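There are 2 protein chains.
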Amino acid sequence: MMEAKKDRQFYTYAFPPEKMILESGAELGPVTVAYETWGNLTEKKDNAILLAHAFTGDSHVTENLKKGEEDKQVRPGWWEFMVGPGKGIDTDKYFVICANILGSCMGSTGPGSPAPDTGKPYGLDFPMVTIGDMVDTQKALLDHLGIQQLHAVIGGSVGGMQVLEWSVRYPEMVRCAVPIATTMRHSALAIAFNEIARQSIMADPNWNNGNYYDTGKKPDMGLAVARMIGHVTYLSDEAMRRKFGRRLQDKETFSFGFDVDFQVESYLRHQGNKFVARFDANSLLYITKAADYFDVVARMNHSGPVNNRDQNIIKYLVISYTSDWLYPTYQAKELIRTLKRSGQDVSFCEIEADCGHDAFLIPDERLTHLIGGFLDGVD
Amino acid sequence: MMEAKKDRQFYTYAFPPEKMILESGAELGPVTVAYETWGNLTEKKDNAILLAHAFTGDSHVTENLKKGEEDKQVRPGWWEFMVGPGKGIDTDKYFVICANILGSCMGSTGPGSPAPDTGKPYGLDFPMVTIGDMVDTQKALLDHLGIQQLHAVIGGSVGGMQVLEWSVRYPEMVRCAVPIATTMRHSALAIAFNEIARQSIMADPNWNNGNYYDTGKKPDMGLAVARMIGHVTYLSDEAMRRKFGRRLQDKETFSFGFDVDFQVESYLRHQGNKFVARFDANSLLYITKAADYFDVVARMNHSGPVNNRDQNIIKYLVISYTSDWLYPTYQAKELIRTLKRSGQDVSFCEIEADCGHDAFLIPDERLTHLIGGFLDGVD
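Chains as they are written, first to last, in my numbering: chain A, 14 to 392; chain B, 14 to 392.
Don't read these hints as lab results, they were simulated from the structure. Everything numeric in this text was worked out from a predicted model, so none of it was measured. Wrong hints could be hidden among the right ones.
[Stated by the list, open to error] List time: in silico DSS-like cross-link candidates among lysine-lysine, alpha-carbon distance up to 25 angstroms:
(1) 346/B / 256/A
(2) 231/A / 231/B
(3) 100/A / 57/A
(4) 152/A / 328/A
(5) 230/B / 287/B
(6) 256/B / 346/A
(7) 100/A / 85/A
(8) 85/B / 58/B
(9) 230/A / 287/A
(10) 328/B / 57/B
(11) 231/B / 230/A
(12) 100/B / 32/B
(13) 346/A / 328/A
(14) 256/A / 287/A
(15) 264/B / 287/B
(16) 230/A / 230/B
(17) 231/A / 230/B
(18) 85/B / 287/B
[Claimed, not checked] Example chain B residues on the side facing chain A (calculated, C-beta under 10 angstroms, incomplete):
(19) 158
(20) 207
(21) 275
(22) 306
(23) 328
Idealized CB from N, CA, C, for every residue including glycine.
Could you build the full structure based on these sequences and the hints that come with them?
Quick look at the structure:
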């Protein structure tokens, strides 16, 4: 048995002369995957669940505090309410793994990592990566851990894209798949928002064509605006009305100037500023582009029983949210039709929630019970 | 009779020692209003229609070409299909006026105009203006033209806000009002998009705290991103799917780089670049802020028959679009409930269209007939 809850670990592979061949044809190596695990892997290694994090997330899913540790000064994970002993994804039963995605800046190799030939950060010399490439690094990690099949792969948003990619790239390794608040491919609207975020970063002179790591000046202004755009797409009209309405921030009347008047302005500026402290602008460029390129429609259509009668059937639980306007329910329904046509085992739940795309990150017993029940129902 | 179709004219008032007192309490003067007119004013001066243009528009509603002039090299107006002899707003019957709004950069006084004390552009020394202040400059123009009552005031989006402001500020001067694709006040979502656009401009170092007019370097990058954000809010998910989908721009496969891949990216960059050539960044800051401040809910609630039994009743035609997610139909319905409660004469039409907020600027016979019929029905 592997031991429970470890701190962040690193797996590095593709050392010279080996290289990772990317979907674009470009080569990359060495490749480091930062990951964390919770729970214990059985001797048969048949109880592993891979969690795929969203766009700006990382491997830190949960602190998984024990009794008496509640006051510990720790950084909470992004899915505390979902993952832990006795929770929806029960770490008493499952060995849970989450790896930081390729191209990110949270421990795995990305544009801010040192290029082996120069020792300096790649910047835009970093090759374009795809959701498929991210999944390949996760596959390499599982090989390293000796895991040949996943009980489940679960993730929301860009994490949900990884779930879908897993199910067409390594279907034999996936017993069940839970794509949440996601899409088979970006709409023009989703591409538009990502493009504006990228343009905002590239418009910042400190971006300097991606070479800012040793200039002492980061493209913080452009990155902050990019994050504000993201935040609006993660919320919804209703959620913003409820959360902010037209309430003023620390004032009774308008300032008649360009300082903050409304709470929503204060919130956006705060989110923008907070983000630049933790995230790398180039990583945002690479990951948004990977999301825009992502398109599994053709591969899902062709993976059906007509083409491959020996295919293994994956149990899917597709989840969407009523107020998600980035990946609306109509896109989840397209996914379901495609999966059913190809003979997959599909369950679907649209959750009523007014909080928009980000709903899956907000504590909600309905989601916990839904995923817990689904996992229990699979042997 | 005044003569038909004139070129752009200017009316300047509030010369010292006179001043225009703004809603904020600040003073401004002299104030220039750029305007154009079409058709002939009757001797009774009772056939005037005021058109209020949207956010980045101007006084140039139509070229109103005569037969045989169709090949003339001219700049088309923003409502060619609606305004002209025999059209929805019939210049054979009505004397049509459109004035550039205060704070803009299309001829009327704005932050790019020379401040009288220095002779240099105001920049951020320009006082904050409101939709009410814009309406007051239009009122001053009408006084100058000797027009005491408008047959109608008509406008979409920020123009619609001016229509509503007219109807509460000078109700006795308005016979009928046609607010299109507009709102009584901005939602948090609408404020959020405006704030991000402003932040994008202010993040551009060339913005230089608003002092860029004589530096030779304008905040074009920030302004372009601001415009891209605007453009996404003017379209809709459906319209963008139809118009762009995931089609690539002049290529067969992905570039695996940060150049344009998708048509929607190309479109946004083009819109951004086109815009910086014609619009002033500071004007965008001022006008978006005026739109965010705009709130006629309280005044509309208090203008009802309970409070003023002698009030004059305005005939309203409220128009919304099914796919407008900036000022959705639920906001038009709030307006209608408020108007009805206060005893106004209200008609409402929600037009089925997939092209989003900007729909009223796209040639559509339904809109032409709707407005034409409404105007004909009022004596």
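Comparing the hints with the structure gives:
1. 346/B / 256/A: Measuring from Cα to Cα gives roughly 22 angstroms; hence the hint holds.
2. 231/A / 231/B: Satisfied, since the Cα-Cα distance of roughly 22 angstroms is no more than 25 angstroms.
3. 100/A / 57/A: 23 angstroms, holds
4. 152/A / 328/A: It holds: about 20 angstroms lies between the C-alpha atoms, which stays within 25 angstroms.
5. 230/B / 287/B: 17 angstroms, holds
6. 256/B / 346/A: 22 angstroms, holds
7. 100/A / 85/A: 20 angstroms, holds
8. 85/B / 58/B: Roughly 32 angstroms between the alpha carbons, so the hint for residue 85/B and residue 58/B is violated.
9. 230/A / 287/A: 17 angstroms, holds
10. 328/B / 57/B: 21 angstroms, holds
11. 231/B / 230/A: Within the cut-off at roughly 22 angstroms; holds.
12. 100/B / 32/B: 39 angstroms, violated
13. 346/A / 328/A: Answer holds: residue 346/A to residue 328/A is near 16 angstroms, not above 25 angstroms.
14. 256/A / 287/A: 19 angstroms, holds
15. 264/B / 287/B: Holds: residue 264/B and residue 287/B sit about 23 angstroms apart, inside 25 angstroms.
16. 230/A / 230/B: 21 angstroms, holds
17. 231/A / 230/B: 22 angstroms, holds
18. 85/B / 287/B: Distance of about 23 angstroms is within 25 angstroms: holds.
19. 158: Violated: closest Cβ of chain A sits about 30 angstroms from residue 158/B, beyond 10 angstroms.
20. 207: 9 angstroms, holds
21. 275: 5 angstroms, holds
22. 306: Where the cut-off is 10 angstroms and the nearest Cβ of chain A is about 6 angstroms from residue 306/B, the hint holds.
23. 328: 29 angstroms, violated
Taken one by one, the earlier hints fail for this structure at numbers 8, 12, 19, 23, listed in ascending order.
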